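Chains as they are written, first to last, in numbering that gives the first Met the number 0: chain U, 0 to 218; chain D, 0 to 218.
Incorrect hints may appear among the rest.
Pairs involving identical chains hold if they fit within one copy or between any two copies, as the list cannot separate such chains.
[What the hints assert, rightly or not] Taking lysine-lysine and the PhoX-like style, the derived pairs with C-alpha atoms no more than 25 Å apart in a straight line are: (1) 131 / 143; (2) 73 / 140; (3) 32 / 21; (4) 164 / 73; (5) 73 / 121; (6) 32 / 73; (7) 131 / 212; (8) 143 / 215; (9) 211 / 143; (10) 143 / 164; (11) 121 / 209; (12) 209 / 21; (13) 143 / 209.
To be clear, the hints were calculated from the coordinates, so they are not data collected in a lab.
None of these values were measured; they are calculated from a predicted model.
2 protein chains.
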Amino acid sequence: MRTSPITISDNTIRRLSKYLRKLQELESEGVQKTSSFELGTLLGHTASQVRQDFSCFGEFGQQGYGYNVTLLRKSIEEILGVNSGLTAILIGVGNIGKALLANFPFEECGVRLLAAYDADPKLVGSSVHGMKVQNRAALDKRLKHELPDIAILCVSQNEAVSAAKYLAERGIQAIWNYTNREILPPDSHVMVENVHFTDSLHTLCYYVTKEKKQSKKQN
Amino acid sequence: MRTSPITISDNTIRRLSKYLRKLQELESEGVQKTSSFELGTLLGHTASQVRQDFSCFGEFGQQGYGYNVTLLRKSIEEILGVNSGLTAILIGVGNIGKALLANFPFEECGVRLLAAYDADPKLVGSSVHGMKVQNRAALDKRLKHELPDIAILCVSQNEAVSAAKYLAERGIQAIWNYTNREILPPDSHVMVENVHFTDSLHTLCYYVTKEKKQSKKQN
C-alpha cells in the first residue's frame, strides 16, 4: 500500500471504521470475497463512494475480481492504527465509565486499557468488570512516568473542562470525551473526539418531527 | 421563522444540536447575548459556518446586534423538534441501557421515556434508576396499542437485526441504535440513527497513529 500525502477527510476515516466493522462481521461468517457494491449496499453507501474512499489509500482489490475480505480488513486496520499498540486510561467510573469497562471491545479496536481512575473513595480499590479503580494520586503518578496515548474522559459535565486541562498539561495528546460537554482541544497538541449522545438523539428527533408534520399535512 | 423548502444537510442538523447544547450552557450561566463569532469560537467553527447553518432556517438575529440567547435556543429547539412531545421506549437493559437510564437527559432533549423492556427474567420486575423493567409480552402489548416515536435499541449485537425487524413490522418509525451493529432501515419508513462508539475511537486512533508516525520521522 502506498502512503499517500493527500489529506484524508474526517468523513472518510469514519467510513473506514464502518467498513472495518462490516468486514470483521463478514470474516466471522466465513465470507472470503466482497465487492465495493456489496460493501456499499450493506452499509447504505454507493459502490462509487466505497471505491473513492479506498482510492485515498491506494489500491486494495483487482478490477472485476473484488476484494479479499481478510486482506482488506488488515489494510484498513493498518490505516486506522488498530493493532499499533495504542494504550488508554479511563477517568471517571460512573455509569458510562462502567458501561465502557463492561462492554466496549477495546481489544478488537487494538487499544490496551491500562487503568481506571475515580475520585470517589467508595469506588477506589474496588474492581469494576475486572479493572481495579485507582485514586487521583495514582493517576498523577502514572502521568509522570508513563503517558498513555488516549485518555477516556467519563467524569461529570462540571469537571470536564478542568479535567481536560489537567490532562493536556501533563502531556496527554488524545481525549475521548464522554462528558456530554463540548471540549475544545486545550492546546494545539491535543486531539479531542467528543461523543455526544444528545446530538445523535436530536438528529433523530428532527427527522421524526419533520415526518410527523408532513403526514399531518397530508391527512 | 419561515419554514424552508430547501433540503437541510445531516451535518447542519448535527451542528444545530451542538449550538443548542452551547446555548443551554450560556443561558444557565446568565449570558443573554451571543454572536456567530462567539458561538463559532466556542465550538470550533467559523462565524460564517454558523451564519450559513442558521440561514437555512431563516433569520434569527439582527446584523451587528447578535443573537438573543434564549430566543435562539427556543428557535433551534423548535427546528429540532425538542419539546414537540416525542416519546421513546428502551429495549435491552444491559450496561448501556442502564447507563442511558441513569444519565441520559431525556427531559432536556424533550423526549419522554415511557418504558424499558428486557427479556432476562432476572431483570423483569426490577426497578432500574426509577424505571420498572417489563417483559417481552408487555412490549408486544404496548406496540399493539400505543406506538412510541422512538425505540432505543440496546440489545446485544446478535439480536440487533431481528429486533429492528420486529420493531419495524410493528410500525416503529425511528430506531436509536446502540447495539454496535450497523442496522440498515428495515423498510423505507424507518429511520435508524446508529451510535457507534468504535467508529469514534477508530477516528481518534487514526489521528494518534498518524501523529506518532510523523514525530518518529522527525526524530
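Going through the numbered hints above, which ones does this structure break? Give me the numbers in ascending order. Violated hints (numbers, rising): 2, 4, 5, 7 and 11; every other hint is consistent with the structure.
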